[in-house]
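Please put together the full structure from these sequences, using the hints given.
What follows is each chain in one-letter form.
Protein chains: 4
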Amino acid sequence: MTESRNICVVITARPSYSRVKTVLEAIRDHSQLQLQLVVAASALLDRYGSAVNYIEKDGFDIAAKVFNVLEGENLTAAAKTTGIGILELSTVFDNLKPDIVVTVADRFETMATAISAAYMNIPLAHIQGGEVTGNIDEKVRHSITKLADYHFVASENARSRVIALGEEPDSVFNTGCPSIDLAKRVTNGNAIEFDPYEKYGGVGAKPDLSQGYLVVMQHPVTTEYRHSRLHIEETLEAIKMLDMPTLWFWPNVDAGADGTSAGIRAFREKHLMPNVHFFKNMESDDFLILLDHAIGLIGNSSVGIRECAFMGVPVINIGSRQNKRDRGHNVIDVDYSREAIVKAVQTVFSQGKSPVSDVYGGGNAGSDIADLLKKLPLKFHKTITY
Amino acid sequence: MTESRNICVVITARPSYSRVKTVLEAIRDHSQLQLQLVVAASALLDRYGSAVNYIEKDGFDIAAKVFNVLEGENLTAAAKTTGIGILELSTVFDNLKPDIVVTVADRFETMATAISAAYMNIPLAHIQGGEVTGNIDEKVRHSITKLADYHFVASENARSRVIALGEEPDSVFNTGCPSIDLAKRVTNGNAIEFDPYEKYGGVGAKPDLSQGYLVVMQHPVTTEYRHSRLHIEETLEAIKMLDMPTLWFWPNVDAGADGTSAGIRAFREKHLMPNVHFFKNMESDDFLILLDHAIGLIGNSSVGIRECAFMGVPVINIGSRQNKRDRGHNVIDVDYSREAIVKAVQTVFSQGKSPVSDVYGGGNAGSDIADLLKKLPLKFHKTITY
Amino acid sequence: MTESRNICVVITARPSYSRVKTVLEAIRDHSQLQLQLVVAASALLDRYGSAVNYIEKDGFDIAAKVFNVLEGENLTAAAKTTGIGILELSTVFDNLKPDIVVTVADRFETMATAISAAYMNIPLAHIQGGEVTGNIDEKVRHSITKLADYHFVASENARSRVIALGEEPDSVFNTGCPSIDLAKRVTNGNAIEFDPYEKYGGVGAKPDLSQGYLVVMQHPVTTEYRHSRLHIEETLEAIKMLDMPTLWFWPNVDAGADGTSAGIRAFREKHLMPNVHFFKNMESDDFLILLDHAIGLIGNSSVGIRECAFMGVPVINIGSRQNKRDRGHNVIDVDYSREAIVKAVQTVFSQGKSPVSDVYGGGNAGSDIADLLKKLPLKFHKTITY
Amino acid sequence: MTESRNICVVITARPSYSRVKTVLEAIRDHSQLQLQLVVAASALLDRYGSAVNYIEKDGFDIAAKVFNVLEGENLTAAAKTTGIGILELSTVFDNLKPDIVVTVADRFETMATAISAAYMNIPLAHIQGGEVTGNIDEKVRHSITKLADYHFVASENARSRVIALGEEPDSVFNTGCPSIDLAKRVTNGNAIEFDPYEKYGGVGAKPDLSQGYLVVMQHPVTTEYRHSRLHIEETLEAIKMLDMPTLWFWPNVDAGADGTSAGIRAFREKHLMPNVHFFKNMESDDFLILLDHAIGLIGNSSVGIRECAFMGVPVINIGSRQNKRDRGHNVIDVDYSREAIVKAVQTVFSQGKSPVSDVYGGGNAGSDIADLLKKLPLKFHKTITY
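Protein chains in written order, with UniProt numbering: chain C, 1 to 386; chain H, 1 to 386; chain E, 1 to 386; chain A, 1 to 386.
These aren't lab readings, by the way, just hints derived from the structure by calculation. If a hint is listed, it holds; no wrong ones were tucked in.
The list makes no distinction among identical chains, and a pair is therefore deemed to hold if it is satisfied within one copy or across any two copies.
Once the Cα atoms are required to be at most 25 angstroms apart in a straight line, the calculated SDA-like pairs of lysine to any residue come out as:
| id | residue 1 | residue 2 |
| --- | --- | --- |
| 1 | LYS184 | ASP358 |
| 2 | LYS206 | TRP250 |
| 3 | LYS280 | LEU290 |
| 4 | LYS280 | ALA262 |
| 5 | LYS206 | PHE267 |
| 6 | LYS324 | PRO169 |
| 7 | LYS324 | HIS381 |
| 8 | LYS353 | PRO245 |
| 9 | LYS199 | SER261 |
| 10 | LYS324 | ASN121 |
| 11 | LYS280 | SER261 |
| 12 | LYS324 | PRO377 |
| 13 | LYS270 | PHE194 |
| 14 | LYS353 | ASP285 |
| 15 | LYS199 | ARG268 |
| 16 | LYS270 | GLY204 |
What you are looking at is a predicted structure, and each value in this text was computed from that prediction instead of being measured.
And the structure:
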């Protein structure tokens, strides 16, 4: 008797896809929801890991592909990419006529989704508002909160913050982070049953992983554009000094990508890295299993803060990127310093796994969010609560 | 010894220009500031009163004109107008290299200014954040607050709200509203020394103003698109019933402009309005002098809430557009109802001028804001305070 | 056995719709063609006669609406409108996957259709290439010829010209102009059976048409932007001097629209025009019937050159807009001069109807074009013939 | 006494820059011309050789940089890149107010320059019209001819063709190709005085060049998108079979870039190429000197047709890309076939240098074009000549 709802989710980058995959599944499998999946921006591009390939492989139908990345890797191009995103997404929404649009996290181009939906009077749901990082993402994240009608947040602190921002408490739901759903599902005592070198190619050495290994994933930090190269060199030097088996994952795009990528390339041309393998991308399930068995994760990825909290994997978190996110019991924060990184790895190595934490949820976020998307009253009109 | 700063102010609509004119003057006249004035969107268009003509007549140099209004007067076009605005303004900022960008108020297209500046790491100042209206403007206004680095607000309540939104208290300044500066300057006991019909043309009757007159200014309300026509018809009927000398000002653009404009046109074709004159636009000084001598203002313009509070002009405020803005002692709120409007006018008529109020400032906002734009540390990096 | 083809026709303006209406009907009614009708640019806008309303009323399904007119009515806005058109139409073609795209005539924004199709390797058909006018349209028209794969031209001279431009003779077809199909159908001895004032509204006097009347339709000429107003004033003065029953049709949009429109409005405010009625738009059938019974047509519309040749309606053709188009026996060319216009009307008045001519075809263009769209081999690769 | 003219040249790709470098110099050094150099599209991007770096190194001031490449490397993205180009370039022209805009050759995105100038009534000069290739470039090239007001062509055949296209003969000038100016200057008996491996990096082997070497440069062909990979593999196999010292230059961007680039990368991973070095880019002077001393050039670059004709360097020209361009005495045309390529190299190897030819000019194009840009009457209004 109740009508089905069209739920349009816009995915703009590889990490966002991994993060909300269980939400997409739950929407697709919900008898009263129609998933309208839009893949946009760097999620479509080879250079950034072609999330679209994984999405298709995972069996999702794609309702629209939106190419909106303006080449240039400078800040002006980031702004223009957002402008083009609005031009394109508004057409897509016009065609798909969604009942609710869902936008994920806080990358700069997600603003295009939020503005298009808000300006077209389509109810907007935001996954992962209310977090604190202290970088440009934060302007975007909280700005989107003020455009959104529903908020599916990942922790109690995040919920409090969204409410403090003047949102109606009954529009804010601590569902936990959907990425934890995935971590729960894939790391449930599973061993590594694939050869990552064979399955994912990549370049560099092929160290033996059976005696333990490190994982590295370090992204550039937008507002410190010029420093990206110096930052990554500290990590590269630390890994060189540690000389342990290491799996290094290439950064995804950001305005500073060139500094980071160029730093890695230049270092590899100058130095032997006989214990390091570089991957451009990996299916998130396999990545999580590798993480689950790692000695620790080095870098500034949010995976270290979120999934690793739930899995109890030690993390050496570098620099300011995850500055103020809630932490479980597994994180050692260090500065951009080869010595600090080396020292932290040694500590981690001596202590083994960390205690687990459900600070980011217990693994049911996907289905909880789908249920809410069906149940919540449709609205696109709100006011600040104070 | 201290260097001059480039201050880029983007004006996108006629009312925004009037509102910040004294700020523009104070920046232009400040020895250590360079004004970079950008005129964009409907401020350039004949149909919406060509604010650009007034700007040039007032002696301001225009650094760039940005045409970004996509025709269509529907919600998709509003989104796309914002996207085009980002494409264009990011080029302008690239060329002008401002030290600070200033965006005004909360019209949908001001978001383009905010995003372009924020994404390009240019410090962003926002004039008139923290207010409450309960319509689409509110999403835009508070969303811009979360992108802005400095906040020049118009009342104490607005200041409290911006701080509650997680902004650093020392980045939030209650300067009062610059429109009050203008009201103070022009209404200082001045008589009406011009013939509005002759000076501004327009259409309709030319009622005698010497025995008192009403002023009408009613804009469409974006999120109630389909109702714009019904709303305006109530006001038209009320004015017809009152049959008093009336000066009616044409609405500025919004997604619902057609409903309102079409309503007025249709009514005029059907009914004699022997006491009503319609203006498309007027210099704000002359408008304020006319307001100052009016029996009262009818409609939903923010002028009624702001300048009229300072001037003590009675206002019959219709509908939800100014829903939650702070009020002085001069406002009677009514619904979209011809009877309610008529009754309120009768009340006002019997009581005369209202007591004045400085709820929106005392008339020094322009120079206070210019001083702050010179003194404030340049920054584009912030975090939420909680 | 043969597969159906998707034929995507893009209509960007009211006159283009009238011109190809019988083509659209023939495609729609063809058993092996699917019509994908895209309505774009000024064809969607109230200000330019809302061709979209007529299209829907005529029973066509619209596959996509593309809003791409950037407000401004200056030359930069015309360029940008074309750029936005490409952004939008390429998305539309991506979604619709047409086998052939059809673009009509030579308005500036039709270039967006041509480029999008050509760059996406979609076979492109062009209706009405090969004509000569001597204005900006000519750059556009011949430029589109060089992007197009098939050419459906309206006269033998046009066919020769397209072939001279280096196109393969067997890709160029003189089908005649589809507007003649319509003229043939509706003017077949039909009387005026409607009251144009009642049916179409408009403003001004309501002259008695029973004793003969003039029709005026004058568009601005793009490359003479500043002169539009002077041009229209000559025509206005001539009509005032003639003081005959006159039906005046509002111009459609162009970069100079303001000069022309402003000229008409200003003249009407200053002068009584007791014999002139102004229409904003009219269904083309009714327009043709009115033309068929008129003493003559004054202005620079291509209707005077084309349909009126077939119908034998005398035309006073003003200025350079139709400069080098083929003519039947019905045209008197005059300069922008009130005296010349008046004199030509007097000549026409004394002579009555002109001899008919099939220089622009005999009335079967629609079905001939549809047949070709089915039969022609699909190709998007060509080379110049010399 | 005569006024200086602003000449705006838009460079969108590395090869276009090399081609017109002497024109840019001659404009810059002309006492009555002001060069306004705009660098756009792939000319700004690392991935395509950063022409901008060479431009700056050569001492040119850049008036504006225009980022308009939409990522995606598919045909839709090519269309959209052109649309964005129009949006951006029209703003640039608005700011720079050029007296003449110059567009170069026939890459898809040059259409954005042509449309923006033509629609803004700025006289447009086109360098290198009238050539024949038989691919998508041909649609673009001749389409631009029909938008351009002046034509600076590279051969007598090209001149005849442009005139046949209906252009006024006195607007068409056979100046020869400016690339010949450069070839004349740098190859005037000069030896190779630099180590290309050291100076330009690149990857692969470092074969000894003293006993002769081959040069390879093969671009994808847009309209044969899917075949790019197969095509390049034939060339790769041929080079492997020949096993001679070889310098391979990476292709510039096109809709098929992925096929070609991926083909090269995959081949390198599978096969040892002990005699082949790969360069991403090289200053054109050094490239020409290397070419001048090479046994021959293999691929489909226009350099083989043009500069090599003047220098007498044998060329094995593969496939359809240069299909119908005028040839000197130095070209052997082959299909995409490893055997044919190998056989042609053996022929060339046995014959040595080819006779020189001035079919593409004698080396004064730059200054001749600059003189014309000063002398020609300014006009933007034309008509077809027949």
